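Make a model of the complete structure from these sequences and hints.
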Amino acid sequence: MAKSIEIEKLALSIETAESAELSARLGAALSERFGARAEQTFSILARGEDGALIGGVNGLTHWRWAYVRHLWVAESWRGQGLGARLMGEAERFARDCGCVGVYIDTFERRVAAFYETLGFAPVGEIADFPPGHSRISLSKPLR
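If you read the sequence shown in the UniProt record's numbering, its first letter stands for residue 1, the second for the next number, and so on.
Hints are computed from structural coordinates only; laboratory data are not their basis.
Don't take every hint at face value.
Computed Cβ-Cβ distance ranges for the label pairs, DEER-style [to be verified]:
1) Gly-51 / Ala-84: 19 to 29 Å
2) Pro-131 / Ala-36: 34 to 44 Å
3) Leu-142 / Phe-114: 28 to 38 Å
4) Asn-58 / Gly-119: 34 to 44 Å
5) Pro-122 / Glu-89: 18 to 28 Å
6) Gly-79 / Leu-26: 33 to 43 Å
7) Gln-80 / Ile-14: 37 to 47 Å
On a predicted model such as this, the values are computed, not experimentally measured, just so you know.
Every residue gets a Cβ at the ideal spot worked out from N, C-alpha and C, and that includes glycine.
Below you can see the structure in the form of C-alpha cells.
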C-alpha cells in the first residue's frame, strides 16, 4: 500500500529553516558518498591608485576544485590584461589550496574564447540559458 504524502510548494525570497535543512541533508549525503567538500570561499580584488575597485574574482573551493563564480573588470580597465592577471591569481590560490583544477561558466562566447586563451577547455553548454543565449562551462586542470 502506498504511503500518503503532502507536497508543500514554497516561493522563497529568503532562506527558511526548511530550505537550510534540505541543504544540510543533501550535504551530509554527498559527504558520506564523496568525502567532505572542504568548502572555502575566496575573493581576489584589484584596486586602482585611488583605492577604487577596478576588478575582482570570487568563488569557492570544494572537493579539490576551484569554482570561479564571478570575474569582473571595470570597463575602463578591460583589454589591458587585468582579467588574465586576476585569473592567474585565482589559479595560484587554487594551487596553494591543493586544488587539481579550476572551473568557470559564462553566457558569452567571446568571454569563453578569452578563458580558452588562458588554457580552459569547454566541457558543456546549456542552450537557451538565459533565453536566446547559452551557458558555457569550461574547466582547466592544474598540473
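Hint compliance check: list the failing hint numbers for this structure, sorted ascending.
When the structure is compared with the hints, numbers 3, 4 turn out to be violated.
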